[in-house]
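There are 2 protein chains.
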Amino acid sequence: MDLTRPMERYVVHWGEMGARWGVSRSVAQIHALLYLAPRPLTAEEIADTLSIARSNVSTSLKELQGWGLATMVHVLGDRRDHFETEKDVWKIALKIVEQRKQREIDPTLGTLEQCVREAEEDPSTPRDAAERMAAVHDFLANVSVWYDQVKGLPPPVLQKLVRLGARVAQFVGRKRG
Amino acid sequence: MDLTRPMERYVVHWGEMGARWGVSRSVAQIHALLYLAPRPLTAEEIADTLSIARSNVSTSLKELQGWGLATMVHVLGDRRDHFETEKDVWKIALKIVEQRKQREIDPTLGTLEQCVREAEEDPSTPRDAAERMAAVHDFLANVSVWYDQVKGLPPPVLQKLVRLGARVAQFVGRKRG
DNA sequence: TGGAGATTTCAGTTTTTTCTGAAACTCCAG
DNA sequence: CTGGAGTTTCAGAAAAAACTGAAATCTCCA
Numbered sequence: 018m019d020l021t022r023p024m025e026r027y028v029v030h031w032g033e034m035g036a037r038w039g040v041s042r043s044v045a046q047i048h049a050l051l052y053l054a055p056r057p058l059t060a061e062e063i064a065d066t067l068s069i070a071r072s073n074v075s076t077s078l079k080e081l082q083g084w085g086l087a088t089m090v091h092v093l094g095d096r097r098d099h100f101e102t103e104k105d106v107w108k109i110a111l112k113i114v115e116q117r118k119q120r121e122i123d124p125t126l127g128t129l130e131q132c133v134r135e136a137e138e139d140p141s142t143p144r145d146a147a148e149r150m151a152a153v154h155d156f157l158a159n160v161s162v163w164y165d166q167v168k169g170l171p172p173p174v175l176q177k178l179v180r181l182g183a184r185v186a187q188f189v190g191r192k193r194g
Numbered sequence: 018m019d020l021t022r023p024m025e026r027y028v029v030h031w032g033e034m035g036a037r038w039g040v041s042r043s044v045a046q047i048h049a050l051l052y053l054a055p056r057p058l059t060a061e062e063i064a065d066t067l068s069i070a071r072s073n074v075s076t077s078l079k080e081l082q083g084w085g086l087a088t089m090v091h092v093l094g095d096r097r098d099h100f101e102t103e104k105d106v107w108k109i110a111l112k113i114v115e116q117r118k119q120r121e122i123d124p125t126l127g128t129l130e131q132c133v134r135e136a137e138e139d140p141s142t143p144r145d146a147a148e149r150m151a152a153v154h155d156f157l158a159n160v161s162v163w164y165d166q167v168k169g170l171p172p173p174v175l176q177k178l179v180r181l182g183a184r185v186a187q188f189v190g191r192k193r194g
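Protein chains in written order, with our numbering: chain L, 18 to 194; chain S, 18 to 194.
Any given hint could be a false lead.
Which copy is meant is left open, so a pair is good if it fits within one copy or across any two.
[As the list claims (entries may be wrong)] Straight-line distance between alpha carbons at most 25 Å, and here's what the computed PhoX-like set of lysine-lysine pairs gives:
#1 K177 x K79
#2 K177 x K104
#3 K104 x K79
#4 K112 x K79
#5 K104 x K118
#6 K108 x K79
#7 K168 x K104
The hints are simulated quantities; they were obtained by calculation from the structure and are not laboratory data.
With the hints as constraints, model all of the structure from the sequences given.
Next comes the structure, spelled out in structure tokens:
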């Protein structure tokens, strides 16, 4: 696919961003490309457009599919696989958060629980340390539960909430005050 | 400093987590260590405890200070620098988010603005593509403004909001409905 | 002023991650 | 079957990131 200057810039920047957040450059670039593309692309088109190896595209697409950020589709009369991505930014964001939660936060909660339990049993671990670990655990658990509730809300409602911003705190304050 | 088994496990896990989120292992481990430590530690103690080079500790501490996650303090009668970290998990979280916003989101907003502007001027860039870039920009801008409002709320209020979870949406819905 | 303790810098090494290209595999039409 | 288009796998190359140790710098005090 042909990339105009601004599109290229977007894709490159998105690659950098991905890298800073623990996703490989290629994966992020491919996602950005699919996001801008007017139609599903084949792996080869992607490789050509971004100048990366065909095999790299294959691997990266698999990873994107694992994140739920790319889906394979077929075009009538074409034997090749084509790929596209969600275009709704809110849905994209929710998927990313969901995945990171599943892959990192949830396992961390498990580990922290064990740490806290062991720390409480172990007489040589200072009480303070155990309490601090517990504080981190509780924090993550709270945020996790919050997210599970919020993720179900339809994007427009989420948008409304975000637009309201801190004023939500006042609503809530009044309700309880 | 002596690390008991559970503490060691905590520190190691936190190191892994850091690595997955774009912070070097050492930096994350040092932060975890300072978080658990009962008193400010010297760079040398940190190096010994974590078995990493003294110079690495120096660099990492500087980075942590840059994030606002470690502060230098002095102990009476001791010439060496000692380091400690915030113990309130909410405050730690807010600092991290604040920094990532400043370092990554804000510059990204700038880039996206330019991309969108150029894309609108450039006749060879499809209208669709320009609109999609704009959608990402607007999304990030919204979240950014939201965060700026929310970060000022005192941690206890934030906690309350998180505990309320999705029910906040209903409050808001009723208020407007 | 000099020198010991403390810290930082930085060039080079090690480790980790990412990417490539060739080979292997799959699937289908002829 | 057989051939070719399409895709995946994987061992090794390349690139990027993290880490080390030695030397330079700083700082305080006798």
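Which of the numbered hints are not met once you compare them with the structure shown? When the structure is compared with the hints, only number 1 turns out to be violated.
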